[in-house]
Structures are given as C-alpha cells and as structure tokens.
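Engineer: Sequence:
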Amino acid sequence: TKINTIETIRVVTENKIFVEIERAHATKILSDILLKEKNNLDKACEVLSELQVETYASMELEDKISFILDQITLNNMKGDFQFSKILSRKILVRTLEKFANLKFRYYELVNEIALFEDDYENVVKYNMNIYSIPKVQGNLELSLKYLKTVAIFVVLTPFSNLQNDLISRVVIDKNLS
Numbered sequence: 770t771k772i773n774t775i776e777t778i779r780v781v782t783e784n785k786i787f788v789e790i791e792r793a794h795a796t797k798i799l800s801d802i803l804l805k806e807k808n809n810l811d812k813a814c815e816v817l818s819e820l821q822v823e824t825y826a827s828m829e830l831e832d833k834i835s836f837i838l839d840q841i842t843l844n845n846m847k848g849d850f851q852f853s854k855i856l857s858r859k860i861l862v863r864t865l866e867k868f869a870n871l872k873f874r875y876y877e878l879v880n881e882i883a884l885f886e887d888d889y890e891n892v893v894k895y896n897m898n899i900y901s902i903p904k905v906q907g908n909l910e911l912s913l914k915y916l917k918t919v920a921i922f923v924v925l926t927p928f929s930n931l932q933n934d935l936i937s938r939v940v941i942d943k944n945l946s
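End of the sequence shown sits at 946 in the numbering used here; the numbers just go up one at a time, nothing left out.
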C-alpha cells in the first residue's frame, strides 16, 4: 500500500513544475523501498534515474548533488559504470568545496568507476583529492589508507610526465615517512 500511495503521488505530480521537488523526494523514498525491502536493484535504479534533478531550478544545490550521487551509487551497484560516468559529469567539482561530506562521497564513487576502467591515473587523482579533505586529514587511520592507495596506484600508472609529477607530490607528503 505504501508503494501504491507513492506511485499515485508520482503520477499526480508528473510534469508539474511547482511540485517537482516533492516528486523527487517521493521517488527517492520509492527507490529506497524497492532497494531495501524488495531487493529490486534494477527497478530502484530505473525509478531514480528517470529524475533529472539538475534541471530543477527551485531545488537546493546540495539536494541536487545528493540526488545525482544516489543515482551514481545505484548505477555503480548495478554495474552500469558508463552511465555512472555520464551522471558524474553533471556535478561540477568546484561546487563540492562547500559540501565536504558530498565531496568525499563523490570521489569515492568516481574512484569506483576509474577502478573498473583500470584508469590508474584518475584513481591516484581521486584518492589524492579524498586524502586532502579535512575530515580525512583529521583521521590518521583513514588518511594513511588513502595515502597507501595513492602510493600503490601511482606505481601502476603508465610512465609519463604526469606520473612523475604524482610521484613527486606523494614523496613530499609528511605522513609518508
């Protein structure tokens, strides 16, 4: 009955600009129910991916980013890394500076995509960005985890000037010694 109620709300609010945020939240709730209670990842992903929150003018930036990150998460779980990559490009990295928790989540998700694609150069960049987040810097165990990951993947990166630059940045880190 809860699913039917949410579906009804979604049908009634479809294509109504004044209630697009409420429809988005109802869709998120439906997606969570489908994923957690019904164990239907494909349907949960399909329902959430039909939203295009980046076009919602009245929605707060933090909410937009959070919705897109939820879409990326579900697509990563589904194994659709190409679509996840497309979704990740909808988020401007400079907008993440205001939201440290979303920045951490974003880089974790794009890191999964880069690992899937064996793109070690970006794995290093993403992990260095995670490592530079104050929340991570304040936690020695967590910061060492990401620093070790950077050190491992910088070695796996194909030889280039960029690899040399990345190695130089890793070597000068005070936590490495």
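A portion of the hints provided could be inaccurate.
Distance condition first, Cα-Cα at most 25 angstroms in a straight line; then the derived SDA-like pairs of lysine to any residue [unchecked claim]:
no., residue 1, residue 2
1, 812, 867
2, 867, 842
3, 847, 867
4, 867, 830
FYI, nobody ran anything at the bench for these hints, they're computed from the structure.
Engineer: For residue 847 and residue 867, compute the direct alpha-carbon distance and say whether it is at most 25 angstroms.
Structural biologist: Between residue 847 and residue 867 the Cα gap is close to 29 angstroms, so the pair fails against 25 angstroms, i.e. violated.
Engineer: Between residue 812 and residue 867, is the straight-line Cα distance small enough, at 25 angstroms or below?
Structural biologist: 32 angstroms, violated
Engineer: Can you confirm whether the C-alpha distance between residue 867 and residue 830 stays at or below 25 angstroms?
Structural biologist: 10 angstroms, holds
Engineer: Would you mind confirming whether the straight-line C-alpha gap from residue 867 to residue 842 stays at or under 25 angstroms?
Structural biologist: 21 angstroms, holds
Hints 1 and 3, counting from the list given before, are not met by this structure.
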